[in-house]
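A.B. asks: Chain by chain, the residues run as shown.
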Amino acid sequence: MKAIGFNQPRAIDDIHALEDIQLDLPSPGPRDLLVSVQAISVNPIDTKLRQRPLEQPGYRVLGFDAAGIVEAVGSEVENFKAGDRVWYAGSAQRQGSNAQYQCVDERLVSRKPDSLGMQEAAALPLTALTAWEALEDQLGFRPGECQGKTLLIIGGAGGVGSIAIQLAARYFGLTVIATAGREQSANWCDAMGAHHLVDYRQPLQPQLDAVSDGQMDGIFVTQNLDDYWQAACQAVAPLGGICAIVDARGPLDLNPLKPKSARFSWEFMFTRPLFGRRMQQQGDRLAELATLVDKGVIQTTVSEGLGPINANNLKEAHRRLESGSTIGKLVLAGWE
Amino acid sequence: MSYELIAMSRGWGLQVLPGPARAKGFSAAEAFNITTTIRPALQLVACPS
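Chains A and B are the protein sequences, given in the same order.
End of the first sequence = 336 in the working numbering, gap-free, step of one.
End of the second sequence = 1049 in the working numbering, gap-free, step of one.
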C-alpha cells in the first residue's frame, strides 16, 4: 500500500523529511478495524513527532486524524462492519493515518457524520476530542449547564481553538472569549461562535474587564503557555481552572492559584490510548459529535484542502503548521 | 468593510471598547477590529505627537 513516512528526523525543507513509500498491508488485531483512509488532517503533534528520533528502525507513519471506510474487522470487534464510514484520531503509539490502510482500535472510532464529506470530517476528531476532554474532564464544565460561566480560550483560531469555541459556546452554553491577533483570525473566531475577542498582543486583563466581570471560570491555553501563565493566574476566577495542551518551556509557579483555590491541569488526547484507560469514551464522544454535526450545531473547521495525500502535499501542510500562523485545519484527501 | 465608517455612523468616539461595541450590535470580529484598528488610529490622529 502507499504511505508517507520518514526514517530519521529532518527539517521540513529536507527532500527526505517525508517520503512516498510502499508498506505491507497491516493486519487488524482482535479489536481493530482495518480502515481504507480517504482523508486526513494534520496537527502540531505530527510536526513534533517528525523531529524526534525514532525508537526503532524502519519508517514511521504519522497522521492522527482520518475519515475512511472500514475494510475488515478483527475477531472481537462488536460495533462495526465492513463498509462503515468512520472517523477517528487513533493512537500515537501506532502507525498513523498517512497511509492507504490503517488499523485502529474500535473503541477510538465512531461512524462519521452523514452530512460531512470525508475531507470535512477528517478535520475534526483529534481537535474535538482534545477540546471536549479539556472542557468537561479537566475544567469540569457540563454540556448545557454552563449558563453565566465564562471561558477564555488562548489561541482561538487554531485547530483546537476553532472547535473549542464551537463546543463551548454552542453545546456547553459557556460565554466564550477568545484571543486573536489578525483581522482574518478574528473573523474566523467570530464564525466559530466566539462571543468576544481580545487582542493577544495587548494586556489581557483590561480587555477581559471590558467585556466581562474579568473573572474567567475556565481558561483553556492552546499555545504559548509560559507567555500567558501570569495573565491566566490573574484572570482565573476563584474555584476556577486553567487547562493547557502545550508543554511549558520552564517551571510554572502554581502558588498564585492557591488563594483562589484554582486548579491547573493538562489535557493530552492520547492519554487514553497510551495507557488503555477509558478508551471507549473517545468513540462515544465522536459519535455524539457526529450527531451534533448532523444537527448543524457544530461545523467543520477545514480552512483549506491541500490536495491528494502524498509526500509533497503533506510537507506543505507541515511547513505551514510550523509557521505558527495556520487558521483552522489543513486537510488532504484521496490517493493518486 | 470600512470599520471607520461603521464606527462613525454609529456615533463612536475615541473610547471604543469591545464590550460596548458588542452591546451596540457589532459582531465579535467587528468589535475586535474596532478596538485593534480604529481606536489606535483615532488616538493617533487625535494626539499627533
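Calculated directly from the structure, the hints in this document are not laboratory data.
Any given hint could turn out to be false.
[Claimed, not checked] Listed below are the simulated SDA-like cross-link pairs for lysine to any residue, each with C-alpha atoms no more than 25 Å apart in a straight line:
no.: 1; chain 1: A; residue 1: K81; chain 2: B; residue 2: S1027
no.: 2; chain 1: A; residue 1: K149; chain 2: A; residue 2: K258
no.: 3; chain 1: A; residue 1: K149; chain 2: B; residue 2: R1022
no.: 4; chain 1: A; residue 1: K295; chain 2: B; residue 2: S1027
no.: 5; chain 1: A; residue 1: K48; chain 2: A; residue 2: G83
no.: 6; chain 1: A; residue 1: K149; chain 2: B; residue 2: G1025
no.: 7; chain 1: A; residue 1: K315; chain 2: A; residue 2: K260
no.: 8; chain 1: A; residue 1: K260; chain 2: A; residue 2: Q138
no.: 9; chain 1: A; residue 1: K149; chain 2: A; residue 2: V246
no.: 10; chain 1: A; residue 1: K258; chain 2: A; residue 2: K315
no.: 11; chain 1: A; residue 1: K258; chain 2: B; residue 2: S1027
Everything numeric in this text was worked out from a predicted model, so none of it was measured.
A.B. asks: Hints first: check each against the structure and report whether it holds.
C.D. replies: Against the structure, the hints come out as follows:
1. Annotation: proposed proximity of K81/A to S1027/B is violated, straight-line Cα distance about 46 Å (limit 25 Å).
2. A hinted pair counts as satisfied when its Cα atoms are at most 25 Å apart, and K149/A with K258/A qualifies at roughly 21 Å.
3. As the CA atoms of K149/A and R1022/B are separated by approximately 18 Å, the hinted pair is consistent with the 25 Å bound.
4. Proximity of K295/A to S1027/B is assessed by CA-CA distance (about 24 Å); at most 25 Å being required, the pair is judged to hold.
5. For the given pair, K48/A sits about 33 Å from G83/A by alpha-carbon distance, which is inconsistent with the 25 Å threshold.
6. For the given pair, K149/A sits about 22 Å from G1025/B by alpha-carbon distance, which is consistent with the 25 Å threshold.
7. Our distance criterion of 25 Å between C-alpha atoms is broken by K315/A and K260/A, whose separation comes to about 45 Å.
8. In summary, the hint linking K260/A to Q138/A is supported, as the alpha carbons are separated by about 17 Å, within the 25 Å threshold.
9. The straight-line distance between the Cα atoms of K149/A and V246/A is roughly 24 Å, inside the 25 Å bound, and the hint therefore holds.
10. Proximity of K258/A to K315/A is assessed by CA-CA distance (about 45 Å); at most 25 Å being required, the pair is judged violated.
11. Among the hinted pairs, K258/A with S1027/B is inconsistent with the structure: their alpha-carbon atoms are about 37 Å apart, more than 25 Å.
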